[in-house]
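Asker: These are the residues of each chain, in order.
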Amino acid sequence: MIDKRVYDFDSALDGMTDGATIMSAGFGAAGAPQELLEAVLDRGYRDLVIISNNAGEGERGLIRLLKEKRIAKVVCSFPTSSNSEVTKELYAAGLLELEIVPQGTLSERMRAGGAGIGGFYTPTSVNTPLAEGKEVRTIDGKDYVLEFPLTADFAFIKAREADRWGNLTYNLSARGFGPTMAMAAKATIVQVDRFVELGEIDPEQVITPGIYVDRVMEVEAS
Amino acid sequence: MIDKRVYDFDSALDGMTDGATIMSAGFGAAGAPQELLEAVLDRGYRDLVIISNNAGEGERGLIRLLKEKRIAKVVCSFPTSSNSEVTKELYAAGLLELEIVPQGTLSERMRAGGAGIGGFYTPTSVNTPLAEGKEVRTIDGKDYVLEFPLTADFAFIKAREADRWGNLTYNLSARGFGPTMAMAAKATIVQVDRFVELGEIDPEQVITPGIYVDRVMEVEAS
Amino acid sequence: MAKLTRKQIAWRVAQDIPEGAYVNLGIGAPEMVVNYLPDDREVIIHSENGLLGMGPTPPPGEENPDLINAGKKPVTLVDGGSISHHTDSFAMIRGGHIDICVLGAFQVSQSGDLANWATLDNSRPPGVGGAMDLAVGAKNVFVITDHCTRDGQPKLLEKCSYPLTGSGVVTRVYSDHALIDVRDNSFIVREIVEDLSEEELREITGAALVFADDCVTLKTPDL
Amino acid sequence: MAKLTRKQIAWRVAQDIPEGAYVNLGIGAPEMVVNYLPDDREVIIHSENGLLGMGPTPPPGEENPDLINAGKKPVTLVDGGSISHHTDSFAMIRGGHIDICVLGAFQVSQSGDLANWATLDNSRPPGVGGAMDLAVGAKNVFVITDHCTRDGQPKLLEKCSYPLTGSGVVTRVYSDHALIDVRDNSFIVREIVEDLSEEELREITGAALVFADDCVTLKTPDL
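Protein chains in written order, with our numbering: chain A, 415 to 636; chain B, 415 to 636; chain C, 1037 to 1259; chain D, 1037 to 1259.
The hints are simulated quantities; they were obtained by calculation from the structure and are not laboratory data. One or more hints might be untrue.
Straight-line distance between alpha carbons at most 27 angstroms, and here's what the computed DSS-like set of lysine-lysine pairs gives [said to hold, decoys possible]:
no., chain 1, residue 1, chain 2, residue 2
1, A, Lys418, D, Lys1175
2, C, Lys1175, A, Lys548
3, C, Lys1175, A, Lys556
Chain A extracted, bound-state conformation (with noise of 0.2 angstroms):
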């Protein structure tokens, strides 16, 4: 029998190590996944990649790795959130390298990734810094910028409901990377609200199907 579901931390992070690379889903804390992101904290994990729309928000979670320094980079559209300093701090110390990318860009690459796209050319950025460095090319009369896949050792995501076989629906405005993270990485991990039987959710409701899941656990909201 398939049965995704796990029921601690340990077996949820298996295979976690030092240097690893984690797509971290979330829009400032909706659909963050605080529980997994302090899971890899309580368990000692340093030198961390992480991929995430923002360099943390509020108190928890990303913010937590931040202020201990077990991140060594992130790669983000907007790193700084307006409740916390330590990002600026650890940037400005030169603790703390970041990749900004911008959002959609950021979207579309982990896309691709998931996707099997070897590269995509976007218009977004032409004509910018971040376009520095990258090949432009003319399409049709208009300038576009050579972009290629990102991919993540894990993704942490958090969802409403899992069944057993990883199928997965979101709430509301918190489905944000989700969908797309869980393409993009090697093992894809889910914290969510609740586990349903299997045949539950309605199969033109899934959202993520169970394809792209690896680990579900039920996980209460501290």
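Knowing the structure of chain A, use the given hints to seat chains B, C and D on it.
Answerer: The following block gives chains B, C and D in isolation, referenced to the frame of chain A:
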């Protein structure tokens, strides 16, 4: 008040011309907008360019347009259906131009057209005749073919429900190419089983958001 | 010198948003535009984190932490609203499906270049968010900005000195002094606030201005 | 000469599909594989028109014209099944998320090239469907084929003469005479049907064969 509902085929087909490029959804008969296609037939339009997975199936829609020699070219992955000879006959007689595109590339090219991507590298068709004349590029040691976007004047789609903003749901595997074609055409025309009130479709269950839809018409299966 | 308040600028922008438009409102001043849309006008608000048909701020106590806008503030969905994931949401933007986006600016050039994401100060981490995608993807890019910086430097320039967000993208500027179209490598003044002369506007602008033949007074209610 | 029926080949393929695998079964003979999966083995069947968790043919009268497989035949969904649109479905395929796809073949070369979509007859319109995406995207490409054409020509070759579907993609061939891995530019025979000598197999194969040290008899039930 925004109201994309129309009540007759003349309104649905507003702007149609000879020589128009039409994306026609459907995989075989599932999701095929037969009544919209036949309304085009009835109005005498010709020299049409059709983008569709199949060049017709059964005795309806595209097959009828083919029989009446209204179609100049079909861009598709698989032109012939088991129960129709017309495509073979027209092709053998030199009366039909075919552009064969692998199914996933066909779909991805339409997505690129709808998503503002200028081109993408796909591993599909490398070292095959369908890559002839196309740029091949080695990325991270793997070969990819450069493919360009597909767009159209019209997309014809069959869906289950629509509200007055054009939000759509589909019926099971009739979803098919609908959501992608809706993004890629200048005018997206949808025949639906039934209209619903605005707000009746759960925001999380909208499959094609109305931003991609121009006109919706309730059409009883005929 | 006569000048508009932020609310008045937002009001003026709102008048230019037609029925049925799909509109993305940037974080900050652009968010205020929604408050001045006429009640009888149906406009569909997009938020790049996956909302289409975004509604007003919920009443206190009814906020849902999983229903937020691009500025990470609690919002609602209107009837007809829908959710998409980030990649699909940016396909909408990049694919040219958003009719109008309204953004703030550090600088705008007469060729429509927009700088609104980074200054020349490298000590702070830069952050671009969705601005580059919106700038290049929306059919019309409206900019809300003060005409000058706080220390009196012009923000409308021949050429931007700050790093660009997008090149040749701005279609119209709504400043606290004027409404200016950006077309054919020129700033074309369509409306100018009361009691401000053409000469005074030229003095606070860092590029040549063309005054439209039908240039009128920029009038707004008191806000 | 000893040879397997199509059903026996399908049975043999089914034995190699592990619990939990995501599997795409091509149109025709590959579809039969599903009939021989052990009842206690959970395998998730993908159909490229957007089904994941495809179930068996529905009972007569319960067919839904909007629930069909890649072969356009009525099917069902099992509990846990899901629907996606075509672009998402092919993202699954191209992105390497399908563990095994089973395809038919006109020709297979010792370097794993697959030809299964077009012959050299240009009078008929060609059709490729999803075969090229599956060939290049699936982690393992299993081929079900007769060892020879109806007129006795070998289908396992040094080099394909027909237009390719994919290059270097086939991982294993299940013919009516043998089970052959394709690796390091070689056909490696793992199993051979009863009463067929190595020499006889070589004679009907258009490329060199390597017999594995642990090559065994290919046994199936009577089907």
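Asker: State for each hint whether it applies.
Answerer: Structure-based check of all given hints:
1. A/Lys418 <-> D/Lys1175: With a Cα-Cα distance of about 21 angstroms, the restraint between lysine 418 of chain A and lysine 1175 of chain D holds, given a limit of 27 angstroms.
2. C/Lys1175 <-> A/Lys548: holds (25 angstroms)
3. C/Lys1175 <-> A/Lys556: holds (15 angstroms)
The structure shown violates none of the earlier numbered hints.
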